[in-house]
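Just need the whole structure built from these sequences, with the hints factored in.
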Amino acid sequence: DTEVTQTPKHLVMGMTNKKSLKCEQHMGHRAMYWYKQKAKKPPELMFVYSYEKLSINESVPSRFSPECPNSSLLNLHLHALQPEDSALYLCASSSKTGTGVGNQPQHFGDGTRLSIL
Amino acid sequence: GQNIDQPTEMTATEGAIVQINCTYQTSGFNGLFWYQQHAGEAPTFLSYNVLDGLEEKGRFSSFLSRSKGYSYLLLKELQMKDSASYLCAVKAGNNRKLIWGLGTSLAVNP
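Chains as they are written, first to last, in the working numbering: chain W, 9 to 125; chain E, 116 to 225.
Any given hint could turn out to be false.
What the hints assert, rightly or not - Taking lysine-lysine pairs in the DSS-like style, the calculated list, with each CA pair at most 30 Å apart, reads:
(1) E/Lys196 x E/Lys172
(2) W/Lys26 x W/Lys48
(3) E/Lys191 x W/Lys17
(4) W/Lys46 x W/Lys26
(5) E/Lys172 x E/Lys212
(6) W/Lys49 x E/Lys172
(7) W/Lys30 x W/Lys17
(8) W/Lys48 x E/Lys212
(9) W/Lys26 x E/Lys172
(10) E/Lys212 x W/Lys30
Hints listed in this document are in silico derivations from the structure and should not be mistaken for laboratory results.
Laid out in C-alpha cells, this is it:
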C-alpha cells in the first residue's frame, strides 16, 4: 500500500474522449508531481506543483492539463490524446519547502495505466 | 549536459550480494536517490546520499563519492522478491527535478 492514492488504476479511452486522473495524499506534502512512464524506461517528469502553484511544466502538450485544487489533491485532465500517450501515469509528492539540499524523497502512487485506442 | 549511467541488466543468486553502480555527470549536485520498482508497480524510495560515504539500511546500503560522480547500491542476502528495476536519480539543481538513470533490471535466481 502506498500513501499516495491514484484513481483510476486503469483507463481506456478513445482519442476524442475527455477524462481525468486523480491523485490524493495526506502526508502534508506541499510538492506534487505528475510523471509519465513507458515500459522499461524511467519516469519522465511532466508537471510539478509547489504550494498548489504550477512551478514546472516540462513542455507538455496542451492536451494534458494539470490542476491542483488543494494541497492534498492533484488532477490531470486529458483531452484528445494520441495513441503514443498510452503509458503509466504516476503521481508523486514530497515534503519540505523551498529548494536546495535536503532529503526530500518523492513518494509515488501506484499509477494509472492509460491506453488510448 | 546531464547524464546518468547504470548497467541495464544484472543477474544474481538468492542469498548472495550484488552491487549496482551508478555514475553521473550533472551541473550541480544536491543529492542522489535510489528507487526500487517492481514490474507494473510504483517506484519506492530506498536510500538517499548527499555526503560522501556509506548509508546502511538493513539489507540495503548505498555509497556516494561526489568527487568521482559515483554511487552504488549494495543488496545483501538477496531474496527472490528483490528481483526488480533499480533506478538511480540525481537532484542536480535548485528545483524539484530529478534526473533519472534508465534503471538496472535485477534478476535474482534460486
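Against the structure, the hints:
About 17 Å separates the Cα atoms of E/Lys196 and E/Lys172, which keeps this hinted pair within 30 Å; it holds. For a cut-off of 30 Å, the pair hint linking W/Lys26 to W/Lys48 stands: about 28 Å separates their Cα positions. A distance of roughly 33 Å separates the Cα atoms of E/Lys191 and W/Lys17; the hinted pair therefore is violated under the 30 Å criterion. With a C-alpha separation of about 21 Å, the suggested pair W/Lys46 and W/Lys26 falls inside the 30 Å cut-off, and the hint holds.
For the suggested pair E/Lys172 and E/Lys212, the alpha carbons sit about 25 Å apart, so the restraint of at most 30 Å is met. At roughly 26 Å between alpha-carbon atoms, W/Lys49 and E/Lys172 fall within 30 Å of each other, so this suggested pair holds. Among the hinted pairs, W/Lys30 with W/Lys17 is consistent with the structure: their alpha-carbon atoms are about 10 Å apart, no more than 30 Å. Between the alpha carbons of W/Lys48 and E/Lys212 the distance comes to roughly 20 Å, so the proposed pair stays at or under 30 Å and holds.
A threshold of 30 Å between alpha carbons decides the hint, and for W/Lys26 with E/Lys172 the separation of about 44 Å lies outside it, so the pair is violated. Taking the CA atoms of E/Lys212 and W/Lys30, the gap is about 21 Å. The hint holds against a cut of 30 Å.
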